[in-house]
Amino acid sequence: MDPLQIAKIIEEKFAGQVLGTTTHAGQVGVSLKKDRIRDICLFLRDEPAVKMDHLSDLTAVDFSRYPGDAGPRFEVVYTMISIVHRHRIRLKVRVPEEDPRVDSVASVWQTANWHERETYDLMGIKFDGHPDLRRILLPEDWEGHPLRKEYPLKGY
Amino acid sequence: MSLLNTAPEITLTTKVDDLLNYVRKSSVWYMMFGLACCAIEMIQYYAAPQHDFDRFGTVPRPSPRQSDLLLVAGTLTKKMAPVVRRVYDQMPEPRYVIAMGSCAASGGIFNTYSVVQGVDNIIPVDVYIPGCPPRPEALMHGIIKLQEKIRKEHYIRK
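Chains as they are written, first to last, in the numbering used here: chain S, 1 to 156; chain E, 1 to 158.
FYI, nobody ran anything at the bench for these hints, they're computed from the structure.
Among the clues, some could well be false.
Here are the computed lysine to any residue pairs in the SDA-like style, where the Cα-Cα straight-line distance is at most 20 angstroms [what the hints assert, rightly or not]:
1) S/149 with E/114
2) E/78 with S/153
3) E/79 with S/13
4) E/79 with S/145
5) S/154 with E/77
6) E/78 with S/118
7) S/154 with E/113
8) S/13 with S/61
9) E/79 with S/43
10) S/149 with E/115
11) E/78 with S/152
12) S/154 with E/52
13) S/154 with E/112
14) S/154 with E/111
Given only the sequences and the hints, what does the whole structure look like? Please build it.
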């Protein structure tokens, strides 16, 4: 299935949640609101025509130093693949800096467990409903989130 | 014993020292502590048939309590630093440390928040082997340098 058709399916099923669709180098990214991201992911995993059973990547982007960007600071990016139908799509959710919380999709795909732990560790985005949200790469008593733009390279 | 300490070059003690040093340097059993990519070159050195570590008498051991040499190969992060210290403390003396690769010697290209800039901030190092990664021949050179260092030690004659 063409990824743009998947974007259209999401738009039809979840009216009002889709903010836009971008295409770059053959890859389609769908910008969503963060309210029902877990329902959308569950739908994409279970719907037979779409069947996104593999979460390839879950990461975050910091837009605070991006020239000409005025939206919320963080963007959580979900990249998913369907092994059965061999198509893929990317979902993007903007998260504000004052309240960096998103619903966790660890109950939808098990791999999201560690990906969300890494995103929390390095970017500071909290995932509601995550079974065990703690640091994964840095020592447990580390302070700060190093991949944010204002964190110096050599640390404090 | 005081006669042995005051007389500088008594033939008997020199020969005993030489024998002890020869024995010690010919069987340096090392603890393989591969942390990152340098571990591949270390594995190539002791497991592959082209360069064979075993002909120098070195045998890889999985435990620090059975080894003379700690071969730190790879980047040391701050999360791993207490572990390296604990492993080094568990080694019985006489013990030696080789820092293999640029990351173990000085932090390499990773001058960042999570990398210890050189394993000698944590444990004392005897031989540094530069390279990213060093070729197995460079590791061989480092082991031979360590053997030369062991050869010059004296235990009987202080």
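### Query
Among the hints numbered above, which are violated by the structure, and what are their numbers in rising order?
Violated hints: 3, 8, 9 and 12; rest satisfied.
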